[in-house]
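Numbering (the working numbering), first residue to last: 16 to 129.
Be aware that a few hints might be false.
Here are the simulated distance ranges between beta carbons [as the list claims (entries may be wrong)]:
hint, residue 1, residue 2, range
1, GLU119, GLY46, 41 to 49 Å
2, ARG102, PHE80, 32 to 40 Å
3, GLY68, LEU115, 18 to 26 Å
4, CYS125, PHE80, 33 to 41 Å
Here are the computed lysine-lysine pairs in the DSS-like style, where the Cα-Cα straight-line distance is at most 30 Å [unchecked claim]:
hint, residue 1, residue 2
5, LYS48, LYS18
6, LYS83, LYS129
7, LYS18, LYS129
It should be emphasised that the hints constitute simulated quantities derived from the structure, not laboratory data. Given the structure is predicted, the values throughout are model-derived calculations rather than measurements. Glycine included, each C-beta is placed from N, C-alpha and C at the ideal position.
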Amino acid sequence: MAKDGCDIIIITGGLSVDADDVTLEGIISSGAKLVSYGSPILPGAMFALAYMGDIPILGIPAALFYYKTTVLDIFLPRAMSGDVITREDIVSLGHGGLCLNCPECRYPVCPFGK
């Protein structure tokens, strides 16, 4: 995908500790530089971020399919704007990283990811 000129690569899978889940292994074996595996954000604690050159690879956990707002909502806009996301950026979200699952989602006008 990187050779085909992609600006960003988004991969989804369980990204869990299950031996049958090879999503993270695939990211690493691609030759990408792993920046972070895991985040202090729920939903999305098993988020993975890597770079293949300057192409961001976002490993999105299966929570994406069950929640309206996830870690993807925080990092996709930044990645698409060309912002280089660091491990420190991810760690800094340890305060405010919990989605409150409000009956009516008002993201981004809420404390999630702030």
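Status of the hints after comparison with the structure:
Range check, GLU119 to GLY46: Cβ separation about 43 Å, and the 41 to 49 Å hint holds. Between ARG102 and PHE80 the Cβ separation comes to about 26 Å, which falls outside the hinted range of 32 to 40 Å. Separated by about 37 Å at the C-beta atoms, GLY68 and LEU115 break the suggested range of 18 to 26 Å. Between CYS125 and PHE80 the C-beta distance comes to about 21 Å, which lies outside the given range of 33 to 41 Å.
Straight-line distance between C-alpha atoms of LYS48 and LYS18 comes to about 16 Å, which keeps the hinted pair within the 30 Å bound. At roughly 17 Å between alpha-carbon atoms, LYS83 and LYS129 fall within 30 Å of each other, so this suggested pair holds. The hinted pair formed by LYS18 and LYS129 fails the criterion: a straight-line CA distance of about 35 Å is larger than 30 Å.
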